[in-house]
Amino acid sequence: MVGVTVQVRTDPSIEDPPTFRIDASGAREEVGYFGTGDATMFRSTHIPSAPVLGGVVICSPLFEDFRRNYRAEVILSRSLAANGVAVQRYQYRGWGNSEGDPDRMTFGTMCADATAAAAFLVQTVGQIPVLWLGTRIGALVAAAASREGNASLALWEPVTDPSSYFREALRAQAAKNFMQRKTTGDGEGRSDLERRGSIDVVGWEIRRPLYESLMGCSLDAEVGDRPRSLLMIDRSAAGDGAPELAPLVDAWRRRGFVVQDEAIEAQRTRWVGIRWEADEMFPPNRQLVEVTRTWVLAHLTAAGTA
Amino acid sequence: MSAPTRHRERPGFLQVGEESLFVLQTEPLERDADTAVVFMAGTSQPPTTERNSFAVRFCRRMAGLGFLAMRFDYRGTGESTGIRKGTRPSEPATEDLVGVVGYLETSGYHRFVLGGTCYGAITALTGAVTMPAVKGLVLLSIPIRNYDADEKAATATANWSLGDWIRRATDPRVLRGLLDRENRLWYRRYVAVKLRAIRTRGGPSRGADRPRPAEVASPLLLGPLEAVVRNGVPVLIVYGTEDEYVEAFEEAMQGRLGEIVRMGGPLVQVEMLRGRLHGFAQVEPQDDVMDVIERWLEHHHGRGRSDARADVVAAGSDPSGREAGSL
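From first to last, the protein sequence lines are chains A and B.
For the first sequence, position 128 (counting from the first letter as 1) is numbered 128 according to this note's numbering, and the numbering increases by one without interruption.
For the second sequence, position 244 (counting from the first letter as 1) is numbered 244 according to this note's numbering, and the numbering increases by one without interruption.
The shape of chain A in the complex, shown without the other chains (with noise of 0.2 Å):
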């Protein structure tokens, strides 16, 4: 085709071969899978040319956030990759690209697949240190599957209770019907996840069991009781602050926490609409990815020199 290359890239050492591509930094990005079955999830491996100084496993977002967020997580991956930082992102099963059955997904079975990820990383690389990066309801993920090793942990615009953050998504719908002159408020839609099993809200589809399992989870709970390093990323109204965040800020600073937070400008509405800009101009992901890069690194290298 005149004008076009067109070329498709993959690895013949193995024998159902991730495809990769090389980064201007030198570092190798893989996708692929791990996993088997039901259980196969996508992947994507960002490996440094040389030498790794440690490795980040993201836990994404779902629903409306998962597409806000997405291409953030991936500049990030790329700029922590060329920075000496191995990456792990990967979808849940039951989500996105991977297999399985959103009916069984659970805040459960999110954990355990976090927990997978950073197990395929630390094959992929070799034994190095890992933190996390959580994202909204991620985060509740990311600090669960970090809290046995007591990993330090970066956590963006986290959900700090999901019955709150339930609650703003059926609302979101309940305001949408309204404007649509339909009739169901958010107490239809409760009622619509125990007789339906799911509920509709603007087009995603959010299942029972993962509803229930996330209900009564708290990130307080989830981060734990043992003193470790966290970065907090407050994306609310720039200069106000979500009110939930500062007083468990405080919290974990009087139990021994070293807690570096940061405001970074407002986001649109979460569960309405998108901002469609290029992401790598836009401001505000600017700034969340040096901060967060800056972040990742300091941890490392202290951790390599300690």
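In case anyone wonders, no lab produced these hints; they're calculated from the structure.
Possibly wrong hints are sitting among the right ones.
What the hints assert, rightly or not - Quick look at which bits of chain A chain B covers, simulated, 3 or more residues with Cβ under 8 Å:
| hint | region |
| --- | --- |
| 1 | 79–85 |
| 2 | 115–127 |
| 3 | 278–291 |
Stated by the list, open to error - Okay, the calculated beta carbon distance ranges per label pair:
| hint | chain 1 | residue 1 | chain 2 | residue 2 | range |
| --- | --- | --- | --- | --- | --- |
| 4 | A | 177 | B | 250 | 19 to 27 Å |
| 5 | A | 179 | B | 291 | 35 to 43 Å |
| 6 | A | 194 | B | 263 | 25 to 33 Å |
| 7 | B | 272 | A | 179 | 16 to 24 Å |
| 8 | B | 247 | A | 177 | 19 to 27 Å |
| 9 | A | 175 | B | 247 | 16 to 24 Å |
| 10 | B | 17 | A | 221 | 47 to 55 Å |
| 11 | A | 37 | B | 111 | 31 to 39 Å |
| 12 | B | 302 | A | 175 | 40 to 48 Å |
| 13 | A | 281 | B | 8 | 49 to 57 Å |
| 14 | A | 194 | B | 270 | 36 to 44 Å |
Beta carbons are placed, not taken as given, at the ideal position from N, Cα and C, and that holds for glycine.
Let chain A serve as the given structure and place chain B on it in line with the hints.
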């Protein structure tokens, strides 16, 4: 509801021009067709999943019918490299699409069905004009107007009467607006669309008689659509009854768009689904549209497998996971 599909998914990076595009092929376990279905998302991130994993479910369903299904991230989105410039209807991702189809051709596929939603539909339509191997088009919630040229407001005002125009033109706020360069550009567009409307009608609007509505459909839509219809390509156009484009679509069907659709005869099929399909903002139309597309594909392209084998699969469908087609 279709039986559970069996498939194999192969992700990869495809070099198209200066960028590496993330592509994901969903292959049927048994392939005996040379038709590939390429799906293009709207403005969702990442495009390879779309809202509620629509793109994933759609491609797996296509593979279940025996087609190779391909989805990809536009440059600057998802896992692909590059910087996204925007999703304007006037700038479809044609280069990306041409690269993807070119790769599939080198893999032995010679017939393509292109499907897309909103921006993806514009990309599919625009690409189809230049690729004779395209044998079917599925256009979901395709925009009627070119929003980045502000055709939405411009075409709305084109239906004003002469009295409406005089009243608006002498409004002090409008006159003040002439001091702003950007406003002057917008006003010029309105006038241009109005003049086009007058030429279309064969004269200016006078009095209470309402003439034929001004052409609201963008040339970006009409030109390519007419070209593919003249080439005999089957086209499926689908909207949700609550899509914001439906009103403009129905208005446009009274003009040139309607002429093109009628010209296509049975090759052009228009479907309206209950609910909001645009942006896949409701779950129910997501499932309904896959049923519609599957019936349309069967009608125009048969199944990816031979009809005989398809009957065997349908009869022997087994939730325990036996390989499709085995006896």
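#### Entry: Structure versus earlier hints, numbers of those that do not hold, lowest first
The structure breaks hints 1, 2, 5, 6 and 13; every other hint is satisfied.
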